[in-house]
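Asker: From first to last, the protein sequence lines stand for chains G and R. Under this note's numbering, the first residue of the first sequence is numbered 1309, with each subsequent residue one higher. Under this note's numbering, the first residue of the second sequence is numbered 672, with each subsequent residue one higher.
None of these hints come from the bench; they were simulated from the model. What you were told as hints is all true, and nothing was included just to trick you.
Using 25 Å as the maximum straight-line C-alpha spacing, the simulated PhoX-like pairs for lysine-lysine come out as follows:
id : chain 1 : residue 1 : chain 2 : residue 2
1  : G       : K1342     : R       : K795
2  : R       : K1190     : R       : K1261
3  : R       : K794      : G       : K1342
4  : R       : K1441     : G       : K1546
5  : R       : K1072     : R       : K1123
6  : G       : K1513     : G       : K1398
7  : R       : K1271     : R       : K1190
8  : R       : K1233     : R       : K1257
9  : R       : K1261     : R       : K1233
10 : R       : K958      : R       : K799
11 : G       : K1398     : G       : K1451
12 : G       : K1342     : R       : K958
Given next are the chains, with one letter for each unit.
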Amino acid sequence: MVRTYRPQSFQEALEIKKGAPVITIAGGTDLMVKRRRSTGLSPYFEVPAMFIAHLGEIKGVRFDGGNIRIGAACSFAVLLQNEATPPILKTAVSRIASPAVRNMGTIGGNICNASPAGDTLPVLYARDASVVLKSIDQERILKISEFITAPGETVLREDELLKEIVIPEKPFDVNFYRKVGTGMTNTISKITFTGIAEILNGMVKDIRITFGAVAPTVVRSRVNEERLIGHSGKEIEKMIPEISSLYSALINPIDDQRSNAFYRRSVSLRLLGHFLRALPGC
Amino acid sequence: MGDYINIGRSVRKIDALSLATGADKFTDDYEIHDPLYIAILYSPVAHAEIKQIDVSAAEKVRGVVDVLYYGNVQRVLHTTAGQGYPEPSPYDALLFDRRVRFVGDRVALAAAETREAAIEAVKKIEVKYRDLEPLFDMEKAMDESAPRIHVDDEYTKIPAEYRPEQNLAAEIKIGFGDLERGFNEADFIEEQSYRMHYASHCAIEPHTSCAYFDDRGRLVIVTATQVPFHVRRIVSTVLDIPVMMIRVIKPRIGGGFGGKQEVILEPLVALVAWRNKRPAKVVMSRKEVFISSRTRHPMRVRLKTGVKRDGRISAIEMDCLMNTGAYGTHALTVLANAGGKVLPLFNKIENLKFHGRSVYTNLPVGGAYRGYGATQGYFAFNQHMDIIARRTDQDITDFFKRWHIREGETSAVFKALGEGKEGVSQVINSCKLDECIDRGAGAIGWHGKRGKRIESGRNRVKGMGMAIAMQGSGIPGIDMAAASMKMNDDGSFNLYVGATDIGTGSDTILAQIAAEVLKIPVEMIIVLSSDTDLTPFDTGAYASSTTYISGGAVEKCAEDIKNQLLDTASVMLKAEKDSLKLDAGKVIDKKTGKKVPYDKIAYHTLYIQDQFQIQAQASCTASESPPPFIAQFAEVDVDRSTGKAEVVKFVSAVDCGQPVNPVLAEGQVEGAVVNGLSYALCEDYIFNSKGRMVNPRFWDYKIYTAADIPEIITIVVNSFEKSGPFGVKSVGEIGINGPAPAVANAIFDAVGVRMYETPMTPEKVWKRMKEEGVN
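Next up, chain R with everything else stripped away, as it sits in the complex (with noise of 0.2 Å):
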């Protein structure tokens, strides 16, 4: 590790002020001149076809410009998830369609001259619906007597098990070794399913999109989105308009978490400013978000193991079902995540199978969400694992530091089980997980507290429980990203990055690495990111692999500014370009001691000698995904009297490489953190039993408040991956896959009760001590 100026130092996130003073713009701060306001019709039942629709009253509207619906608009298949192209999700959506599939899909929409009046207007549709019967239990959903859900000509363009006349919108089987032998050979088996739910990514800025037309008439969509380019593919795909007529900016975005990592409603807004030839814009409210936009696919994990007395597992078996709602959108990915970033962990286990399908059912759309799948993994997995080591006699931190992947090792798992198709192979280059566990053990005191069941008021008892995960850094031979920089007058630099932060702080620690390279303070570099006429390609902000990749872009770039620099300087010093470095805004001479300052050679290149502008640009892509390590500890005081799970200290020791900007990756993992406990322990959709979500408000979907966050901790422990530029890691998601794990063992450790299902509220967790007669 060399002697950083800006890599591993905090510097201030280069948006903090603009931000902190309202300066700074979110899509819906822009002021679009005299826009269509736009407001959408959802279905209110689970599954039918639309019989009759009536739009006459809508279209009488004072203000009403336009209504859409299934007659008006064209039928162009695709899916809404922003991933590469071609996308491993099944393209079996449209705008709008004769059937709705779940109580949230789209009918229709009405554009109009105030919010008003386009409200008023979809309330005025007139829908007659022939009810089909609605198929809500996803473990029903390849019976042969299931209601189909997708009838027409929905298709992949990728090669994957897609059979939409069972329900079937994924299917993955790999495997190796001898299972049934290697489950001979255990002493016990060990065999339990485990259940995770759906959820809303609760992003505080709902999606927003709008559309205006630049002055030679081509379409500028404004939009909250982690994946401007693939909007502009999809947008121009949908609507049929050139890629080159479409210009994509994204703002400052007030979270992501994977739920703007889908198109949603780019399509509509840009179909109503086409068609109309007029600005439009549309807002959704909260309960839109939660019943129609994205979520976490529920999962059902089924883990058996076989067993040796001295806990070596010689066998295991992952079944996974997931659901992934109406639309198959990730539906292939997040379960390949499932096992993916999962089983690679416990690289010693000769004998293994994964099998996992996803389906389709008539509620919520699953999406991308922080975890991807890995998530659903590792709240089995750790579960499993702590049931294991307590039947061998052994402590869970030991086990794990027994079994777990090293530097050096590698799995077959990583290259049988890729993101839509066959993953890559990799050895581990870094790995500091039993760092992670000894440091994150210490810090939580957890060999004073495990299994003492300290009481700690009247009918509290305390639990601790831990986990561990991985994650991946980016995804290898699919994920592209790409950086262009240019030498300003004074020795500024602008760079330009396809890469988008989400509020993540990428576009701070880009500039770090940037301004690494050359030598210079973050204030020397202008970032400018996301805007498909003006920045390079990136395939966006998911699979934790903006540091990584765009990261390795700017790198590149630097480098490549940097050599110019030398050339330049070499004929200014007239000195050998060996005998040069960068050191704080000059190119030195080591032999000399002669310097010469960026501005000047800035200066020379612009207006003196052989006039040329230092710039550069570099594309990034990846042949492998280094995975970020984490150890995650929960000390959880459980209220007997009402069943109520506290957690009172939450520990995360995190393997991310070297961190770029330690207080932003720290905030990752702080985020992650309160992101997961706020989902293992209160956030849930609640359905009734036509298919509709009931609590669709921030008053009955709870999220962890500030009131509610226990105390944090949070420890970097730091490595060096060879592959990523300045030894770079991912922290982005991993940080979620624990706490809910994390907080079920501690329930375990403290009452005796093992949670089965998430969210482990006082409800369920009270139910449990009923039923195993502990209460």
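Isolated chain G, as found in the complex (with noise of 0.2 Å):
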């Protein structure tokens, strides 16, 4: 038999985080899918679990004094619902999994998850999302690229929970978000890529760009998008071939089951070139 916790708040969570080795449980859609067993069997928890998905403090997205702010809890099915959800991170949560998996999956479990093809990711780390970890002791605020440091892994602590989720509150006039997977639904991803632009004066004024599943966390490099701030679309095209070859050495996509290196190599470069022809004046 599996050992449960199930607090009532917040604090409880985090007492009890504080007390002994638990397993977190919000959606419990990556966890228990690691955990199951031969068919007939229940999947085998080693160690107690303790479930937080029911905790309303960490299940709301508000506006807050220039930030989004995301509990942790939050499912992929009420991000889509609420206003204050940016439109990409939407785009981004509506092809994640099935509808059943939104409702149950959490954009803390996917972050906290740190699949290197996490769909949230790529968007959260396009918009200097920062993530908040309370213990019963003291509250970190890191950047989402500070916090997870390779595939599954991030700097969380043993009597941490990841509390929320930060966006800096900002208008972009260009979105792009491109997931390549196999089917429709049910689909881990092969690429994703996010770009993202502010546009002023028909110049580039901020541009962010990421890509997903080619590489052990996401990509991301501020240098290179830096090349590109303060140019019209018409300059941007012309610059297509060199930016390519600059994020080509920096993403390193693998062979697997699911595609090839070649493939996600090409189609990812392919996919920033239709983002940079995207930006107006092109």
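Assemble the dimeric complex from its two separately framed chains, guided by the hints.
Answerer: Right under this line is the structure:
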């Protein structure tokens, strides 16, 4: 039998975390699958499980003084319905799994799972999202790129819980997201591409470019992005070969059962080209 | 075509409500008292000899009752293929062998009080393998240096080419005319090879079997099968238990598609039960289904045609190499169908040669799979004809209409290529393929869109492709079905059929046939099917045979009942039998208008006068296998930036004779289309260099979900097949033949690259576009 905890508050959840090792279960859409056993047997948990998806304090999405704050246990379905959710995040979330999984799965789970193919991650990286980590004793705020260190690995401590995700509020004029996967639903990404840009007087004022599933963690380069800032669409069109080769050096896709490295690399760069050509003035 | 009250009407599936409410039982729903649970140990290596096997640790696991492996199980060569007897597949399999031949081959099993214990026990079986050189490339299987996979006393029950010393599981050579002259007469030669890949049936219910004993010690096997009578025979043979001691019950089935035409688990569950005198149960996981059950045979089809400038084909050579995997299940007959169900379609070709070989490899085992070789053959044929039509500057629809077989015509291939033996000559009685082509083309807007390369968005372009196909209706001279009926007091009838409803709706359509003969609503027929103790024999649900052959048995049986009703009514009404007719549950005297309802007739025969029960039985075989025909059209949107071919619309127009139940007929075609598109575009067995499938789960082996399915239109074009009951032909398999070639032809239409192999994943389309320099 699995020992389980169902805390009544986020505070109580932190106390439980402090006390003994537990597996935190929000939606369970990854955890239950990872622990599944042969037909007819229930999943196996090596340590007690603590449920947190019912905790109202970490379920909402709201504007808060220039930021959008998303509770870690906010399900994908709720994200899709909430007005405060950035549209590009909604686009990414709408392609995650299937309605049933979106009803259960949470953004916090997607982040803590730290899969190279986690579909909210490239958008969160592009939007400079931070994560708020809480323990009984302290609170830390980290950039998402500092939080995730490797496939499946984060700097979350034994006694910490991810409380919320903070996205700076900022309008982008161009929002380009593509997921490439085998099917329309329940598909693990072969590639995701996110490109967002702010345009002022025909010039790129800000631009963010991220690639998912083509390296151990999300690929983003502020240095490369800065090369594009201040240029017009027309100028950028001429820079595409140069920019493509810069990104080609950064991405490091693999051959696996879902696709191959050649395809991932060439399609990633092609999507980059499409995004850059989609900038106004091109 | 008569004035039918049941035939051609979409009556509700008789098990619809009980399935929808969960009342009806699948195999795993049977509550077996205190069973032993079985777990199976599979080979992790592709080719090896077992040097040593130690089961002592497994036997010590708490709750373990029995551990079986080659050392304590009888050695009976057999085939798992549930086909007519003697099976045309080689006898090359044992329950457990000292040698393993693919990753997923069975090594041992453990039976225990709980599933957990059984699984733990198989993990504790210690096996030392002596690795043998594996064979993965079917093209090299017959090389002299190739490792030999079957080295013992494997044999065939039928006279057939079988040379295990060369890894040759089957070979077929037929031909007529003068091939060389035909090629010489041609204005040009077109020659290409096409490859189709492994696939899993993906029936949502995995293979599941249980066994228990009746009160007199007979073994009862409840199992997810398409072939209950073959199960009984094969279990009896392999375990040396008399047939009379075995009863096989087929409950509701969650899909078969050919995968459950294999007798895989039943001998194991029966063996454990029989040895331990305890009920036993086994349920495969999805992974087990992928790696250890059966698959679609991969095939390489080389077509060489000599073509005259006007598109006339002066010679055709079809050379098929089929990978049957580690065992030769259906190795001969799937191969035969790749030619036999394809070549007759172009019956005007005078010079023809078919050469097919099935070879063993150390890869998963092929088996029956919807389409049964025809699918592989048609992938090649339809693309090849698209190439020829384009080279001779014709629209492929016109080209097909000009050359396909017609009513009143025959093909020498029918006789030359049978299933395991020579085929039968037959003349086509019904063929509405022209109408199928025209109506399908109209429904998809063929003439406005083909060749136009319509841009459908940034970097997206549309293409149109089509394919035609035929199949068969049962196996002539081999398949047999029987039915029996009896009349009850209230004028209802029990209908007993050996036929096996595997979710297809055959219980319903067989009831419709009986009800039509007797002019009563379907609700007055109580169907019991597929119980070897209670129902008559049937070879099973395969080869698109049920509607045509089992339906034929039901019609004959009901006609006998009708005759008895008329005899009795003529006594009761004091009327001439000739002036009587059946009408809405009554017998009416056409002369006097006097009538007697069925319940009165039943009462009369059961209680009143010259007492007897109105009952009948009938058997049916077929002397021909009338083909259904289909034309299928795909509108495909190719994304040039990702190589993804997305089908946006798919139209099928099918001539399946008189549809018994149009909604169920359409459902068969729609299901086959989805099955075929999914296979054509995304399903894929991926092997590592050691021959291990690396994606045995629905995570990574992608099948279409509702969101992937395009707009599907199915047009049922009625015809009348005089040899079938009420004019029927088959419809279950044919629809899977067109999706892959229609999509391939559409991809060519869109971006100008020819897809010679499946699956046509974005990666492959992308690669082909790079190769052809169109990207």
